[in-house]
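Chains A and P supply the protein sequences, listed in that same order.
Note that the first sequence covers residues 25 to 246 in this note's numbering.
Note that the second sequence covers residues 93 to 648 in this note's numbering.
Simulated from the structure, these hints should not be mistaken for lab results.
Backbone N, C-alpha and C define an ideal beta-carbon position, used for all residues, glycine too.
It is possible that some hints are incorrect.
[Said to hold, decoys possible] One-sided excerpt, in silico: chain A residues whose CB lies under 10 Å from chain P:
1. His45
2. Ala55
3. Ile68
4. Leu70
5. Gly163
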Amino acid sequence: MQSSSHAAGGAALPVPRLAGHFASLEVQNHAARLGMWLFLATEILLFAGLFICYGVYRFLFPEAWAAASRSLDLTLGTINTVVLITSSLTAALAVHYAKEGKNKMVAVQIALTLVMAVGFLVIKYFEYHHKFEIGTLPGRFYSYEGIQLPGVPLYFTVYFCSTALHGLHVVIGMVVLAFSMVRALKKADFGPNNYTMVELGSMYWHLVDLVWIFLFPMLYLV
Amino acid sequence: MTPSSSIAAPGATPAPEEHHDHHPNYLVDGTTIKSWLLTVDHKRIGLMFLFWVLLFFLVGGIFALLIRVELLTPGPTIMDAMTYNRTFTLHGLVMIFLFMIPAIPAVFGNFMLPLMLGAKDVAFPRLNLLSLYIYLAGAMLALWGMLNGGLDTGWTFYTPYSAHTTTTVAPVLFGAFIIGFSSIVTGINFIVTCHTMRAPGITWFKMPLFVWAIYATSCIQVLATPVIGLLLCLVTVENLFGFGMFDPARGGDPVLFQHLFWFYSHPAVYIMVLPAFGVMSEVVATYSRKNIFGYRAVAYSSLGIAFVGFFAWGHHMFVSGQSTFTGGLFGVLTMLVGVFTAIKVFNWVGTVYKGAVDFRTPFAYFCGFLFFTVFGGMTGIALGTVSLDVPWHDTYFVVAHFHFIMVGATIMAFLAALHYWFPKMFGRTYHEGWGLVSAALIILGFNATFIPQFLLGNNGMPRRYYEYPERFQALNVASTAGASLLAFGFIIIAMYLTYALVYGKASGKNPWRSKGYEWMSESPPPTHNFVGPQPVFPEEPHFYVDPKKAEVPDAV
Chain A
25 MQSSSHAAGG AALPVPRLAG HFASLEVQNH AARLGMWLFL ATEILLFAGL FICYGVYRFL
85 FPEAWAAASR SLDLTLGTIN TVVLITSSLT AALAVHYAKE GKNKMVAVQI ALTLVMAVGF
145 LVIKYFEYHH KFEIGTLPGR FYSYEGIQLP GVPLYFTVYF CSTALHGLHV VIGMVVLAFS
205 MVRALKKADF GPNNYTMVEL GSMYWHLVDL VWIFLFPMLY LV
Chain P
93 MTPSSSIAAP GATPAPEEHH DHHPNYLVDG TTIKSWLLTV DHKRIGLMFL FWVLLFFLVG
153 GIFALLIRVE LLTPGPTIMD AMTYNRTFTL HGLVMIFLFM IPAIPAVFGN FMLPLMLGAK
213 DVAFPRLNLL SLYIYLAGAM LALWGMLNGG LDTGWTFYTP YSAHTTTTVA PVLFGAFIIG
273 FSSIVTGINF IVTCHTMRAP GITWFKMPLF VWAIYATSCI QVLATPVIGL LLCLVTVENL
333 FGFGMFDPAR GGDPVLFQHL FWFYSHPAVY IMVLPAFGVM SEVVATYSRK NIFGYRAVAY
393 SSLGIAFVGF FAWGHHMFVS GQSTFTGGLF GVLTMLVGVF TAIKVFNWVG TVYKGAVDFR
453 TPFAYFCGFL FFTVFGGMTG IALGTVSLDV PWHDTYFVVA HFHFIMVGAT IMAFLAALHY
513 WFPKMFGRTY HEGWGLVSAA LIILGFNATF IPQFLLGNNG MPRRYYEYPE RFQALNVAST
573 AGASLLAFGF IIIAMYLTYA LVYGKASGKN PWRSKGYEWM SESPPPTHNF VGPQPVFPEE
633 PHFYVDPKKA EVPDAV
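Given these sequences and hints, build the entire structure.
Structure, rendered in structure tokens:
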């Protein structure tokens with residue numbers, strides 16, 4: 025905080041990327057990270073509401089939950105889990121390379137992340153498609169003959185709400201990361217003093233991954 | 093960073109006056125419409141919020157008067173039952189989501205927080221502007237839905253009714269969901285600003301108490317709002333597609349909805365009232381001309397209220413089928429809020445005690461505020477007692493209680509802040525006499541509106557009813573008469589403040605001789621808040637008397 029008096033007085037040397045109202049670049053980056061952490065906290069609370077719905081209804085309808093969970097495709101779910109965890113690794117590597125200023129590698133790693141994200145969504149699409157065909161759908165749309173237990177339509181309400189909300193976050197995360205990738209390719213100015221953008225996108229991506237790590241056992245491994 | 097007495101005291105910043113001409117104040121630094129609409133200056137954003145918030149207050153107030161006129165007679169008066177249901181829903185939604193939640197944080201928080209921290213702006217100025225437009229987008233969507241069909245569920249939109257009503261649920265709820273984003277963005281911005289933008293010398297325990305209150309409020313906004321966001325989406329989906337998440341016919345649990353709803357909406361009460369407490373801490377020290385009594389106690393109790401507020405939601409559901417044990421537990425936790433609030437009240441009273449009180453308009457509002465907080469708070473303790481709540485539940489007693497504590501306290505603080513910071517924001521003064529007259533009218537009108545409602549509720553009149561038995565008419569007429577008085581008070585304020593805006597006398601830099609940090613810059617402040625070198629903050633905030641040099645030993 026010592027240096028702030030210089031910057032605020034307008035006497036400091038101009039630092040590129042430093043917004044005028046911050047004391048120093050460290051403070052600015054710290055502020056950006058803190059803001060992102062707070063935003064991630066709000067995301068966790070967003071999903072927490074669905075987790076509570078899940079918990080309450082699982083407590084009320086344990087048999088329905090077990091039976092409905094069996095009807096999901098565990099193989100596809102597992103593949104998706106592996107895909108998403110690996111994509112978190114590449115996202116973390118992108119931050120690593122951004123710190124070292126290797127902009128091409130940043131773009132490559134983010135591209136790999138995006139490819140895996142698309143893979144995740146494609147697999148999810150096939151899972152959804154299967155459910156639409158056999159009729160394991162939420163609420164009043166439920167028409168599957170195979171399981172007829174009270175509470176099963178609720179399971180699929182929770183399933184579709186939480187996976188759809190998660191899917192939306194995957195798409196948002198992809199857009200955020202894509203911006204970093206375009207920047208790494210066009211401007212190529214990431215380096216030891218300028219990697220916050222990649223870092224924040226990567227943090228968001230880890231959250232998306234983390235939510236799935238909770239959703240997978242909750243939905244598939246009951 | 094040690095405070096040194098050789099540095100000039102706040103309020104007497106030395107030197108840069110000669111540069112004054114080169115640094116136009118924020119009001120005239122750029123006069124095009126674009127320079128306002130696309131500004132990232134926290135002061136201009138605060139003013140734009142002020143404009144919209146006041147407009148929505150007018151809308152909500154008109155709906156309130158329509159309700160009161162309808163309730164003048166036991167039968168139908170001016171509208172049919174469905175219109176009445178829509179009217180009280182609109183009143184609740186507009187007042188809560190569009191007025192009270194953003195009122196103090198988004199207007200005065202935005203304007204004062206950076207000034208009080210010696211910063212040039214909030215941490216994320218562009219996000220700050222974005223939050224204004226998110227708020228307006230949500231407000232427009234919600235209002236559009238209200239005018240095209242309207243919602244008749246009450247502002248609580250309890251399921252399963254909200255999933256089945258034929259009125260327009262989806263756009264209104266989705267609008268409220270969007271407004272929630274604005275609230276979250278503002279909250280994140282203020283928390284980060286408090287952590288990273290404090291000027292050298294302003295440690296955590298030298299932050300003005302208004303900043304502490306806003307900080308605690310922001311924590312609630314960030315942690316609670318996402319839950320209602322999710323819930324609003326779920327109810328919208330339920331209403332549109334019938335997923336059955338809270339539909340008992342499909343095994344869903346409406347009480348779960350209520351838990352999730354009040355998990356946000358109870359802390360939301362503190363989103364409204366904590367900033368009010370913060371304003372009052374500033375006002376009471378300034379006009380008592382005394383150091384705030386128990387600075388740390390007031391600061392910590394803000395955080396305490398924010399924390400305990402998250403664990404009290406169940407007291408809205410004493411008759412929703414909770415177990416007796418859960419009810420008792422939530423009752424006890426509710427009373428903890430009373431403990432923290434009482435700490436604040438004692439400290440404010442301790443500040444006034446033996447102070448040299450300058451009885452200006454904001455101080456008049458402080459007196460009203462103290463009355464509403466204590467009276468409203470005590471009825472809250474009574475309502476938090478399960479055995480007492482059961483007969484009072486869903487009667488006008490509850491309506492009167494929350495209007496006293498939540499609305500009364502917030503309105504008092506909003507008006508106190510508007511008057512106290514009017515010279516800071518516009519560099520002009522208003523007419524003190526009219527200020528005191530309208531303050532008296534509003535405090536009297538508020539009591540005249542809601543004390544009859546306490547009595548009505550105690551006699552058993554349920555809330556939200558369109559018709560009532562003859563025997564309740566006298567009190568209902570009294571309440572409506574009080575509401576007219578209240579409206580009259582607001583009209584007077586609108587008139588003299590508008591007049592002051594144009595013709596008011598120049599106020600000078602610090603007309604109240606306040607020691608608040610925000611008064612260290614010019615009034616109105618220049619665009620980047622401080623001209624010349626970074627100001628220094630050698631003294632505590634609210635520092636009027638040196639305890640060691642006080643003439644009366646216990647007057648500090």
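Hint check results:
no. : hint   : verdict
1   : His45  : holds, 4 Å
2   : Ala55  : holds, 4 Å
3   : Ile68  : holds, 8 Å
4   : Leu70  : holds, 4 Å
5   : Gly163 : holds, 3 Å
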